[in-house]
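Protein chains: 2
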Amino acid sequence: MVTRSISIMLSGPSVADARAPRCQTTTARAALQPSMATATRRRCPAARVSGTFPGCDRARPSTPPDRALRSLHPLASGPLRRRTGSARSREGTMTETMQAVVWNPAARAYEATSAPVPEPGPEDILVRVAAAALNPVDGKMQGRIPADAPPRALGYDACGEVLAVGAAVGGFAPGDRVWYAGAADRPGSFATHQLVDHRLVARAPDGLEDADAAAIPLTAITAWEALFDRLGYAPLAEGGQSERLLLINGAGGVGSVALQLAKLSGIAATATASRAETRDWCARMGAAEVIDHAALPDLGDASFGRILCAHDTDRYFDTMARLVAPQGRIVSIVGTQEKHDLAPLFQKSASFGWEFMFTRPVQRTPDMARQGEILATVARLFDEGRLHPTRTATFEGLTVETIEAAQARLAEGRQIGKIAFLW
Amino acid sequence: MVTRSISIMLSGPSVADARAPRCQTTTARAALQPSMATATRRRCPAARVSGTFPGCDRARPSTPPDRALRSLHPLASGPLRRRTGSARSREGTMTETMQAVVWNPAARAYEATSAPVPEPGPEDILVRVAAAALNPVDGKMQGRIPADAPPRALGYDACGEVLAVGAAVGGFAPGDRVWYAGAADRPGSFATHQLVDHRLVARAPDGLEDADAAAIPLTAITAWEALFDRLGYAPLAEGGQSERLLLINGAGGVGSVALQLAKLSGIAATATASRAETRDWCARMGAAEVIDHAALPDLGDASFGRILCAHDTDRYFDTMARLVAPQGRIVSIVGTQEKHDLAPLFQKSASFGWEFMFTRPVQRTPDMARQGEILATVARLFDEGRLHPTRTATFEGLTVETIEAAQARLAEGRQIGKIAFLW
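In the order they appear, the protein sequences are chains A and B. The numbering used here puts the first sequence at residues 1 to 423. The numbering used here puts the second sequence at residues 1 to 423.
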């Protein structure tokens with residue numbers, strides 16, 4: 001088996017798009033978790049984004065809005081939930097051209113473009129993307145694309161409608177509303193149309209609007225794989241699990257889902273968070289305990305059977321090696337730049353490993369369909385009201401500007417939960 | 001939980017013992033595996049040991065033997081199997097003094113000594129040691145003992161007879177013949193008498209003589225924990241297991257048991273070995289494939305779902321990172337001196353971890369009784385004829401000289417299987 005490289009591109013002429021970004025910081029699932037609204041309104045994480053931010057005390061942007069703001073309160077979001085663009089056709093009559101925002105590695109910039117709508121391969125589903133979401137991995141992927149590579153659509157999370165299915169696809173049909181995080185080596189979800197292997201896809205939860213749904217797949221698959229496939233917890237186990245979990249950075253996208261899945265699985269999770277808003281958020285997401293990052297050195301050695309790092313592995317490696325219990329496991333989702341001393345783990349028979357959500361789809365592992373199964377289970381948990389959305393902000397329009405604004409917001413390092421885009 | 005330090009010592013006056021070592025290189029279970037005899041006779045691994053070596057073309061030692069050599073052929077070993085010294089008493093009448101060979105960290109030397117026979121604690125068994133065995137970890141432990149610490153008995157593997165049991169011990173009684181590897185923080189098995197926590201002990205297999213039995217526990221527990229608790233294979237599974245195993249150094253003590261357990265569990269194992277004798281041995285122990293260490297660079301990337309390193313982790317780390325498959329696991333039993341780059345494992349969601357046999361007993365983990373259970377299962381497999389001994393040499397007498405000679409032999413790096421000592 002050979003590691004596959006990331007090589008499939010979406011190319012086409014660049015079209016400048018001067019629309020200004022619109023961000024709406026919302027209260028995730030306010031009707032179900034009303035106290036969350038208070039927490040996220042305390043300080044708007046979108047401070048440096050140019051745009052209007054309902055609920056935030058920010059200056060009016062220099063560029064006037066060119067689209068109407070939409071209400072994203074779940075009780076008023078009915079019309080949005082199955083919103084699709086003009087290219088949609090339940091009858092399979094597709095427009096010939098799709099829109100996309102591509103990353104141009106030569107220019108080191110995003111560009112709006114158009115391209116022919118692709119035909120599904122045998123295992124593919126063609127989806128009309130209704131909403132996408134931003135993840136830290138988008139920014140990391142930019143840096144991995146060689147400067148001489150053609151422009152390509154990034155973006156992984158999506159919620160949308162099936163337009164067509166490949167010859168070998170079972171279980172999906174045009175008109176199905178689906179969600180997925182896709183594969184990092186194929187054109188992404190920053191586009192009106194996208195091809196995705198059906199084994200990575202599930203039906204989206206009926207109870208979630210598009211923006212909330214789009215914000216879930218990558219983080220849910222990452223959190224699920226980390227907790228259950230890598231750290232060895234039993235998924236959705238009844239009763240308690242004996243190994244305590246330390247989650248470094250509980251309030252990010254992955255942390256927010258991981259804390260909920262941990263609580264549903266009887267896992268006592270200690271989350272780190274350093275601000276009042278993020279500590280409050282972690283507690284609401286299901287943390288048994290929330291501590292400041294700065295308090296880690298004060299914890300006793302060998303305190304945690306399992307550790308999940310969602311923030312700066314280089315910085316926390318030695319601390320984690322000290323805190324992990326005998327026979328314990330450390331898993332991180334954040335890559336390292338430095339070498340590390342594994343010897344402190346020896347006498348504990350402990351391990352360090354990685355969770356990278358694209359391992360299964362990019363390597364085409366024999367069990368890649370597990371990602372579709374995970375998403376189907378997660379969708380059921382949402383529809384049963386056992387999981388709650390983690391989206392806290394939504395940009396109206398998927399444009400060069402909204403992507404850049406959302407990335408700037410993530411780069412601030414103060415984001416709570418997820419940022420979504422609506423086409 | 002705090003990592004326990006190794007602090008319990010056996011102290012006493014030093015008594016020089018001038019007996020010369022006697023080594024007998026034997027054919028492991030020749031009656032069951034006659035072709036093994038040929039392999040191990042081709043070249044005697046005891047080349048530098050001072051003593052007589054039946055079957056080896058070596059010069060007569062300068063020091064004359066002071067004990068009769070014993071035949072270790074299994075068909076002639078009946079009288080040896082339950083051989084015990086004069087201190088043994090099935091009625092619980094113990095002699096008051098025990099003999100031991102202790103490591104003196106100040107002198108950096110082994111010394112013969114005597115000490116009062118200890119009383120069992122509530123969870124302890126007092127054992128009259130009939131046979132012990134040498135492992136690479138004995139030499140490593142020497143280096144970890146501070147120079148100002150009192151002398152202590154090393155040695156872990158043992159087969160012997162229960163003389164007395166503690167108040168809380170169930171399942172064992174005086175007269176039982178037992179085997180165990182014990183705990184690294186208590187006085188060891190290089191002694192006529194030893195205390196061991198009963199949760200780490202099982203009845204020895206009836207079909208194995210003392211020297212063969214003593215050579216198994218540490219390697220069997222290590223191999224079992226590595227394959228099943230750390231690498232995640234299913235123990236003794238019917239049918240094949242999908243993840244291929246690479247075992248670096250298949251012919252050592254742990255490798256020899258791991259290959260047998262792998263075969264019994266439907267695991268296709270590729271073992272590395274560089275000499276004709278070791279390659280032959282690995283094949284007999286159950287390797288599906290044997291390759292030279294030097295051939296590792298020629299293997300394709302991501303070839304193995306699981307890798308077990310039993311030789312020089314520093315040297316093989318980068319190679320293992322390249323050879324491990326997506327979602328794969330690497331486990332090593334050999335500690336590192338250098339830092340390592342974990343980044344190559346990231347895109348594979350792979351892990352690196354340790355197996356150290358003394359983690360459970362020294363940390364007193366809640367599941368430490370699993371080591372007794374493993375030994376009970378391994379004993380059953382021997383009595384069913386499904387596992388075969390790995391002892392290839394035995395020293396007559398457990399003395400300063402036999403231990404030093406055996407260690408010199410291990411240090412040569414050419415040892416196949418295990419070395420045992422008979423009291």
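Just so you know, the hints here were simulated from the structure itself, not pulled from any lab data. Do not take every clue at face value.
To be verified - Derived DSS-like pairs (lysine-lysine); straight-line CA-CA distance at most 30 angstroms:
no., chain 1, residue 1, chain 2, residue 2
1, A, K140, A, K339
2, B, K140, A, K140
3, B, K140, A, K339
4, B, K339, B, K140
5, B, K339, A, K339
For clarity, every value in this text was computed on a predicted model and none was experimentally measured.
Here is how each hint holds up against the structure:
Straight-line distance between C-alpha atoms of A/K140 and A/K339 comes to about 20 angstroms, which keeps the hinted pair within the 30 angstroms bound. Only pairs whose Cα atoms come within 30 angstroms are accepted, and B/K140 paired with A/K140 is rejected, the gap being roughly 43 angstroms. At most 30 angstroms may separate the alpha-carbon atoms for a hinted pair to count; B/K140 and A/K339 meet this at roughly 25 angstroms. The suggested pairing of B/K339 with B/K140 holds, with an alpha-carbon distance near 19 angstroms, which does not exceed 30 angstroms.
Between B/K339 and A/K339, the direct Cα distance comes to roughly 6 angstroms. Compliance with the 30 angstroms bound is thereby established for this hinted pair.
Hint compliance for this structure: hint 2 alone is broken.
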